[in-house]
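Since the structure of chain S is already known, use the hints to place chain Y on it.
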Amino acid sequence: MKKAALWFGLVAAITFCAGPFVWQMITSIRPESELTSLGMPSTMTFESYTGAFHGRPFGQVIINSVLVAVITTVFCLAVGASAAFALAKLDFRGRKVLLFASLAVSMFPPIATVSPLYLIIRNVGLLDNLTSLIIPYTTFALPLTLWILTGFFEDIPDELYRAARVDGCTPFQAFVKVLLPLAAPGLATTAILVFIFSWNEFLYALTFISTPEKRTIPVAISLFAGEHKEPWGEIAAASVIATLPLIVVTMFFQRKIVAGLTAGAVKG
Amino acid sequence: MVLPAVVILVVVAFYPILATMWLSMHRMILVFHEETFVGLGNYGFLLSDPRFWSALSNTAYFAAVAVAIELVLGLGFALILNAAFPGRSLLRAAILVPWAIPTVVSAKLWAWLFNPEYGLVTHLLPGHDVNWLGMPGYAMHAAILVDVWKTTPFVALLLLAGLQTIPQDIYKAAQVDGAGTIRQFFSITLPLLRNTIVVTLIFRTLDASRVFDAVYVLTEGGPANTTETLSIYAYKTLMRVGDFGYGSTLSVVTFLCVMGISVAYLKVLGVERGKGAR
Numbered sequence: 001m002k003k004a005a006l007w008f009g010l011v012a013a014i015t016f017c018a019g020p021f022v023w024q025m026i027t028s029i030r031p032e033s034e035l036t037s038l039g040m041p042s043t044m045t046f047e048s049y050t051g052a053f054h055g056r057p058f059g060q061v062i063i064n065s066v067l068v069a070v071i072t073t074v075f076c077l078a079v080g081a082s083a084a085f086a087l088a089k090l091d092f093r094g095r096k097v098l099l100f101a102s103l104a105v106s107m108f109p110p111i112a113t114v115s116p117l118y119l120i121i122r123n124v125g126l127l128d129n130l131t132s133l134i135i136p137y138t139t140f141a142l143p144l145t146l147w148i149l150t151g152f153f154e155d156i157p158d159e160l161y162r163a164a165r166v167d168g169c170t171p172f173q174a175f176v177k178v179l180l181p182l183a184a185p186g187l188a189t190t191a192i193l194v195f196i197f198s199w200n201e202f203l204y205a206l207t208f209i210s211t212p213e214k215r216t217i218p219v220a221i222s223l224f225a226g227e228h229k230e231p232w233g234e235i236a237a238a239s240v241i242a243t244l245p246l247i248v249v250t251m252f253f254q255r256k257i258v259a260g261l262t263a264g265a266v267k268g
Numbered sequence: 001m002v003l004p005a006v007v008i009l010v011v012v013a014f015y016p017i018l019a020t021m022w023l024s025m026h027r028m029i030l031v032f033h034e035e036t037f038v039g040l041g042n043y044g045f046l047l048s049d050p051r052f053w054s055a056l057s058n059t060a061y062f063a064a065v066a067v068a069i070e071l072v073l074g075l076g077f078a079l080i081l082n083a084a085f086p087g088r089s090l091l092r093a094a095i096l097v098p099w100a101i102p103t104v105v106s107a108k109l110w111a112w113l114f115n116p117e118y119g120l121v122t123h124l125l126p127g128h129d130v131n132w133l134g135m136p137g138y139a140m141h142a143a144i145l146v147d148v149w150k151t152t153p154f155v156a157l158l159l160l161a162g163l164q165t166i167p168q169d170i171y172k173a174a175q176v177d178g179a180g181t182i183r184q185f186f187s188i189t190l191p192l193l194r195n196t197i198v199v200t201l202i203f204r205t206l207d208a209s210r211v212f213d214a215v216y217v218l219t220e221g222g223p224a225n226t227t228e229t230l231s232i233y234a235y236k237t238l239m240r241v242g243d244f245g246y247g248s249t250l251s252v253v254t255f256l257c258v259m260g261i262s263v264a265y266l267k268v269l270g271v272e273r274g275k276g277a278r
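Chains as they are written, first to last, in UniProt numbering: chain S, 1 to 268; chain Y, 1 to 278.
Hints are not guaranteed to be accurate.
Said to hold, decoys possible - Calculated lysine-lysine pairs in the PhoX-like style (CA-CA distance at most 25 Å, straight line):
no. : chain 1 : residue 1 : chain 2 : residue 2
1   : S       : K96       : Y       : K267
2   : S       : K256      : S       : K89
3   : S       : K214      : Y       : K236
4   : Y       : K172      : S       : K2
5   : S       : K89       : S       : K177
6   : S       : K3        : Y       : K172
7   : S       : K177      : S       : K229
Read the hints as simulated data drawn from the structure, not as lab findings.
So here's chain S without its partners, still in its complex pose:
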């Protein structure tokens, strides 16, 4: 009896979570004439996939998203790892202030920074430039980076750091040669989360970019208009393209992601 209830809950949970996306995948391979029917498609076709690229710069948009997400991730790790190392292993004034400040930044609603950022970006001539996304993305993914990585560096025994110092390393050398390799799993977790954050961000991308060729995937999909009606099949195809890599990565690194997400929150 209890077992039956568990299995029922299980099936319900999986259907609820995966069902809508599976439906989107089915929609993406439907022939256009069957788009409005609710049964299974009679044949499988990829015309929606070719259609998604036809007449719009969707290929370029994917490249933009990859560029923005990769560069943001690299920046975040470079800036975040060194700061997190200092926060975890070095004693300096303002340590607590910095941790608190980054926590506060993670609570900012993005809309609260849009108006001045827009004016600044316009004044330095970076509107419609991917740089105008990479800089705020790096900033707003930084708190997450600091919290995860500081935790990882704190878990590395202090003796290792001290031993490296005794052997004649400068703090920076000790960081690069000894601690950084040991924190590799933390770096990987952080990289995945920052990448997903940048891949998904919408508000800044919508505000700072106006040329269709410069857009990122979320904005492109939200503005995926057809001439007369919404091209639902093509939207479904574009959605699957934009999402499948993330789903694969998430399933593959599921444990790491959960550990990263809960690191700050549950210990919190």
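Chain Y only, in chain S's frame:
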């Protein structure tokens, strides 16, 4: 070594917040190149702006209902995931699917499910005539459903992490004492999960009260502004009307609401912590 991080946070996060506050005290329409200091004038206007009040109450309603459902549903998922059965890690991966999907994509996906003529939801639910996204009252609940779908997995995983810190011995002892499953849930699981639940509530309430992507893509705040949240109203005022003064005022108020929620929660959490330590 912390300098780059400090510089970035100050220049790109803290300075803009202060600048938004400064802008909010100006009359500033972008295309007219005018910029007049009006002090708290915009805030006076805000108090008498019915659209602001409706955006505020929409946001509060959205956050309260969505977070409540997510918490209950997430707890259910977490309990299922916590039970031992074959293929558990596969299930864990499956429920992460909505979390991994970009919010905009999930909004579009649901817009298709809600399509009044061909949508799956429209056909599966009784009352075929409901145009979910086009009817006031319904649209807000459709938006809440999208948020619930997207973030329940996240809630479930946080709660699951909390569940796994509860020692199994307690349950065995309770069983020996004759406590049933339901009694165990209310006397052991819930009290011991309290801190995790509070932290989860903070995270989710903060996120839900600054909601933008999901609702904007789904309904753009319509029909008749019934799904217009504070962030959406602020965005439209800034980028569509080009009114940077009043738009900034709305942004500041959104910021203050979110910060107010965090401070309130942290106070509650702090008090609880203090009690626990004693």
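Verification of the hints:
1. S:K96 <-> Y:K267: 18 Å, holds
2. S:K256 <-> S:K89: 23 Å, holds
3. S:K214 <-> Y:K236: With Cα atoms ~22 Å apart, K214 (chain S) and K236 (chain Y) stay inside 25 Å; holds.
4. Y:K172 <-> S:K2: The hint holds at about 17 Å.
5. S:K89 <-> S:K177: 15 Å, holds
6. S:K3 <-> Y:K172: Judged against 25 Å, a Cα distance of about 19 Å means the pair holds.
7. S:K177 <-> S:K229: 58 Å, violated
Comparing the model with each numbered hint stated earlier shows that hint 7 is the single one that does not hold.
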